[in-house]
Amino acid sequence: MIEILSNAALATVQDLGRLGSLRFGVGTAGAMDDLALAAGNLLLGNEAGAAGIEIPVFPFKVRFAEDCVFALTGADCGARLDMAPLLPWWSHRARAGQVLTLGLPQGAQRASRAVLCLPGGVDVPQVLGSRSTQMRGAFGGHEGRALRKGDVLRAADPGRACRTGFGLVPPAIALPLDIDGLVALRVLPGAEYLGFETASRAAFWDGEWRITAQSDRYGYRLSGAALRPVAAMELRSHGIVPGVIQVPHSGQPIIQMRDAQPSGGYPKFGTVIEADLWRLGQAPIGSRIRFIEVDWDQAVAALEQKQAWLAKVARMVALQHSAPTGVSA
Amino acid sequence: MKLSTTGRAAPTLSLLGTTALLFEAPGAMALESQQRIWALAKEATGWPEVREAVPGMNNLMLTFVRPPRRLAELKERLAAAWETVTPLAREGRVVELPVRYGGAGGPHMADVVAHTGLSVEEIVELHSAPLYPVYALGSHPGYCYLGGMDPRIATPRRQVPVLSIPGGAVSIGGAQTGVSASAGPSGWNTIGSTTMRFFDPARDPPATLRPGDSIRFLVEGIEA
Chain A
1 MIEILSNAAL ATVQDLGRLG SLRFGVGTAG AMDDLALAAG NLLLGNEAGA AGIEIPVFPF
61 KVRFAEDCVF ALTGADCGAR LDMAPLLPWW SHRARAGQVL TLGLPQGAQR ASRAVLCLPG
121 GVDVPQVLGS RSTQMRGAFG GHEGRALRKG DVLRAADPGR ACRTGFGLVP PAIALPLDID
181 GLVALRVLPG AEYLGFETAS RAAFWDGEWR ITAQSDRYGY RLSGAALRPV AAMELRSHGI
241 VPGVIQVPHS GQPIIQMRDA QPSGGYPKFG TVIEADLWRL GQAPIGSRIR FIEVDWDQAV
301 AALEQKQAWL AKVARMVALQ HSAPTGVSA
Chain B
1 MKLSTTGRAA PTLSLLGTTA LLFEAPGAMA LESQQRIWAL AKEATGWPEV REAVPGMNNL
61 MLTFVRPPRR LAELKERLAA AWETVTPLAR EGRVVELPVR YGGAGGPHMA DVVAHTGLSV
121 EEIVELHSAP LYPVYALGSH PGYCYLGGMD PRIATPRRQV PVLSIPGGAV SIGGAQTGVS
181 ASAGPSGWNT IGSTTMRFFD PARDPPATLR PGDSIRFLVE GIEA
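Chains as they are written, first to last, in the numbering used here: chain A, 1 to 329; chain B, 1 to 224.
By construction, these hints were calculated from the structure, which means they are not laboratory data. Errors might be hidden in some of the hints.
As the list claims (entries may be wrong) - Pair ranges (Cβ atoms, derived):
#	chain 1	residue 1	chain 2	residue 2	range
1	A	Val169	B	Val95	50 to 60 Å
2	B	Arg70	A	Val169	57 to 67 Å
3	B	Pro87	A	Leu177	17 to 27 Å
4	B	Pro48	A	Glu143	30 to 40 Å
5	B	Arg152	A	Gln109	48 to 58 Å
6	A	Leu87	B	Ala80	51 to 61 Å
7	A	Glu3	B	Glu223	28 to 38 Å
8	B	Glu220	A	Glu143	50 to 60 Å
9	A	Leu87	B	Arg93	26 to 36 Å
Stated by the list, open to error - Computed footprint of chain A on chain B; a stretch qualifies when at least three of its residues, placed anywhere within it, have a C-beta under 8 Å from a C-beta of chain A:
#	stretch
10	11–24
11	30–38
12	53–59
13	135–143
14	204–216
Just so it is clear, the structure is predicted and the values come from calculations on it, not from any experiment. Quick reminder that beta carbons are idealized off the backbone N, C-alpha and C, glycines included.
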């Protein structure tokens with residue numbers, strides 16, 4: 001069991017999303033950095049899609065009520081267990097009563113969300129096939145809401161005795177993608193792409209885009225050159241997915257994120273490919289990003305590259321877990 | 001307009017990244033088209049690469065279990081099925097919803113007045129007259145997209161989406177109308193409010209209304 005000690009504003013229980021209830025109006029939710037969640041789970045020998053805790057606001061503090069292994073991935077937050085510093089992207093072991101503290105994200109690869117994984121995953125009920133928090137519908141996750149001080153969460157397999165004390169090279173380093181030092185995201189052009197002025201299309205690929213303060217798990221509102229349609233487009237409502245870049249009449253694009261609604265009607269400039277959503281999920285408010293145009297085959301290849309990285313992580317962890325026990329580095 | 005091999009207007013297919021494919025029916029928005037969309041959804045649900053078939057307004061999104069290698073083959077299968085499906089007529093229930101139009105619960109009524117040139121009373125009369133068929137669910141848990149709105153009260157979506165509108169908000173977006181099932185962001189113009197429970201995740205299915213049901217708005221009150 002762990003107890004939340006801080007006012008855990010916006011920290012939520014997330015898995016890889018509620019993927020099969022879009023036709024009831026239920027958006028996917030799920031981890032903003034799915035790669036961090038999957039890797040953290042693998043470090044503990046969990047299924048990649050087990051539920052973890054996504055932490056976007058710091059400091060964040062929890063107390064372990066019993067001995068428990070755990071993994072930290074995502075943003076490097078200068079974590080401490082009581083006073084001892086902890087490595088990011090690493091598996092650890094807490095003793096009963098110890099307090100885990102995450103501070104502000106730090107380091108050259110400054111990210112914005114930390115992920116805490118527990119053995120067996122966070123033990124909350126599955127709702128419509130997922131443990132992710134559905135904020136709009138107020139269900140799933142822990143009581144259908146963000147965590148707060150005093151909440152107690154249970155690991156599904158708290159007594160698991162797996163080897164800890166090893167970690168990973170973070171994907172921001174293992175799978176880098178940037179242009180002129182800015183995080184870059186690959187985009188597959190969307191249905192209304194050609195409905196935008198040529199100059200606007202060029203500006204989208206060539207320009208820098210700032211992630212404004214009005215950005216959250218629902219969507220990232222960007223600021224940059226206005227994207228102008230050749231003629232106004234008023235579309236019929238249709239299904240959309242996280243990553244879709246909508247352009248409302250203001251011309252400032254909005255990228256749909258994990259808590260996005262499953263349908264919309266604004267013109268679609270393109271879609272940030274599934275393989276790169278984790279990069280965007282970690283891009284801090286106020287930071288600038290760039291876009292790279294890709295085609296279907298490149299987008300599929302990028303997804304395979306991401307899956308290959310996770311498979312490599314799983315193999316490495318299996319080797320660690322099968323090594324003689326008794327030593328914890 | 002593009003024509004298919006049968007001489008009918010061809011549907012439009014587009015990609016939503018590697019996650020999904022969007023199929024848009026040609027022609028004017030119509031219930032008959034929507035019944036073909038429902039039939040197409042039913043058929044595509046059984047295809048191995050399809051995770052879920054999600055009807056929209058005269059369109060259908062297919063999400064993938066994994067991105068299909070042979071995209072062209074899937075697109076052809078979808079277009080061929082569209083030509084051959086039998087429209088799926090559904091005899092649904094009729095649900096009556098009392099609405100308070102305008103006032104604090106309808107903060108964008110003035111925008112609809114400004115855009116349409118009609119009075120509040122005329123807008124309410126036109127909005128509450130039809131029996132609206134539920135075409136599809138979307139936006140947020142339990143939300144229904146309705147067909148059949150009078151085109152005279154169509155009003156473009158807002159320049160900038162509103163960060164939160166309350167549950168029960170009755171709104172107009174382009175040529176469509178609907179009722180929000182819970183509080184959240186929206187680009188639509190809110191003209192009134194109602195009370196109704198549209199969704200319960202513990203039920204199966206979790207949504208109260210389903211495609212083929214109908215809604216009638218009853219005028220409970222009008223405020224300036």
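Falls inside 48 to 58 Å, the C-beta gap from B:Arg152 to A:Gln109?
Cβ of B:Arg152 to Cβ of A:Gln109: about 55 Å, so the range 48 to 58 Å holds.
Three or more residues of the stretch 53–59 of chain B near chain A by CB distance under 8 Å?
holds (count 7)
Given a hint of 17 to 27 Å, does the C-beta separation of B:Pro87 and A:Leu177 actually sit inside it?
Violated - the Cβ-Cβ distance for B:Pro87 and A:Leu177, about 46 Å, lies outside 17 to 27 Å.
Per-stretch coverage check for the stretch 30–38 of chain B, three Cβ contacts closer than 8 Å to chain A:
Answer violated; 0 residues pass the 8 Å Cβ test.
Do A:Leu87 and B:Arg93 keep their Cβ atoms within the hinted range of 26 to 36 Å?
violated (58 Å)
Can the suggested window of 50 to 60 Å be confirmed for the beta-carbon pair B:Glu220 and A:Glu143?
The hint (50 to 60 Å, Cβ to Cβ) is violated, given that B:Glu220 and A:Glu143 are roughly 33 Å apart.
Mind checking, does the stretch 204–216 of chain B have 3 or more residues with a CB under 8 Å from chain A?
Contact hint for the stretch 204–216 of chain B vs chain A: holds, 3 residues under 8 Å.
How does the Cβ-Cβ distance of A:Leu87 and B:Ala80 compare with 51 to 61 Å: does it lie in that range?
holds (55 Å)
Against chain A, does the stretch 135–143 of chain B show at least 3 residues with beta-carbon separation below 8 Å?
holds (count 8)
How does the Cβ-Cβ distance of B:Pro48 and A:Glu143 compare with 30 to 40 Å: does it lie in that range?
Holds: the Cβ-Cβ distance is about 37 Å, inside 30 to 40 Å.
Would you say the C-beta atoms of B:Arg70 and A:Val169 sit inside 57 to 67 Å of each other?
violated (35 Å)
Is 50 to 60 Å respected by the C-beta to C-beta distance linking A:Val169 and B:Val95?
holds (56 Å)
Checked against the numbered hints given earlier, the structure breaks hints 2, 3, 7, 8, 9, 11 and satisfies all the rest.
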